[in-house]
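Use the sequences and the hints to build the structure in full.
With the first letter of the sequence shown counted as 1, position 253 gets the number 253 in UniProt numbering; the numbers rise by one all the way through.
Derived by calculation from the structure, the hints in this document are not laboratory data.
All C-beta atoms in this analysis are idealised placements derived from N, C-alpha and C, irrespective of residue type, glycine included.
Please note that the accuracy of each hint is not assured.
Stated by the list, open to error - Each computed DSS-like pair below joins lysine-lysine, with the alpha-carbon atoms no more than 25 Å apart:
#1 K193 with K29
#2 K286 with K271
#3 K27 with K194
#4 K274 with K286
#5 K193 with K27
To be verified - Label pairs and their computed distance ranges (CB to CB):
#6 N295 with Q268: 19 to 29 Å
#7 Y302 with S182: 42 to 52 Å
#8 K271 with S197: 30 to 40 Å
#9 E160 with D280: 30 to 40 Å
#10 A269 with E160: 46 to 56 Å
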Amino acid sequence: MAVTQEQLPHQQRLSAAARLRAALAEKSKTIICPGIYDGITARLALNEGFEYLYMTGAGTAATRLGLPDLGMTTMNDMVANAGSIASLDRSVPLIADADTGYGGPLMVARTVQAYMTAGVAAMHLEDQVVTKRCGHLANKELVDEDVYLSRIRAAVMAREELATAWPGMDIVIIARTDSLQSLGYDVAVSRLKKAISLGADVAFLEGMTSMEQCRSVCTDLAPAPVLLNMVAGGVTPDLSADEAASLGFRIIIFPAVCLGPVVNVVGQALKTFKTTRRNDVSEFQKQTGVKGFFNVCRLNEYLEFDRQAGGNAFNGGV
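Structure representation (structure tokens):
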């Protein structure tokens, strides 16, 4: 019988980054990531058994700050959110948006090491200017290629520095380019090839607008694994995870899988509440009561931990 990760002695278990690298090494494996943005969406995804998670930058801006994705989140905003999500299950790799790295090479290095110590398994860095915008909006501004490559070089150097000082520390670096929109396909692929040659692990061509581009990019960047950003309502053709995998994409992220429903469902609930002035009790709430929601966040596990540690605050139940 095969030994599972959970059955291995603690010292033999793979870190989240190592697990992600192992998955990338399996050429037939496709890594599918639901986009989550906070603790409850992460918990829901974990409870459904997803093996990988993606922290969306747009979702972080919207849910932590109530702001659009226009480069207003700071490194501290993103690291704090990523760290809290990664801490929920250290064995599940979290891929996180790191925007532009938030400055020059020194700031990129600081960002990389902050993500590593927060437990993030992979991060993507892009070639927009610091005042960036969502990759599926128009009129994106880019930095020069040498500035972009300095970001990637700094990220690789920072990873190596921390891994040397703290063996076992690692992070998968994903090189993203937004240059397709203004510079064209060939230039965008060239930028990604150069980023991979500097030590980036995965290529990410943002904002593809045709099936032809989707079909070509994995072949043109081989043998590097390629990530597809499947934004609901975005400029890229709508593909399922299986369809994307058949084209050769190794990582497929779905950033808006939680954002769309929360806008629709919560927005409608608030409209109803404003009219009726009464809390609309869902079927789930009727069946499970207040504890049902807390059980989503694994209430019983925490009660049991407290009991085993010798606590008595919850001996009478909750």
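Each hint, compared with the structure:
Taken as a hint, the K193 and K29 pair is honoured in the structure, with Cα atoms around 22 Å apart against an allowance of 25 Å. Between K286 and K271, the direct Cα distance comes to roughly 21 Å. Compliance with the 25 Å bound is thereby established for this hinted pair. Restraint check for K27 and K194: the C-alpha separation of about 22 Å stays at or below 25 Å, so the hint holds. For a cut-off of 25 Å, the pair hint linking K274 to K286 stands: about 21 Å separates their Cα positions.
Distance restraint check for K193 and K27: the Cα-Cα separation of roughly 19 Å lies within the 25 Å cut-off, and the hinted pair is therefore satisfied. In this structure the supplied range 19 to 29 Å holds for N295 paired with Q268, their Cβ-Cβ distance being about 25 Å. Against the hinted window of 42 to 52 Å, the Cβ-Cβ separation of Y302 and S182 comes to about 50 Å, which satisfies the hint. The hint said 30 to 40 Å for the Cβ distance between K271 and S197, and at roughly 53 Å that hint is violated.
Between E160 and D280 the beta carbons are some 54 Å apart, a value that contradicts the proposed interval 30 to 40 Å. For the pair A269 and E160, the supplied restraint of 46 to 56 Å holds, since their beta-carbon distance comes to about 49 Å.
Checked against the numbered hints given earlier, the structure breaks hints 8 and 9 and satisfies all the rest.
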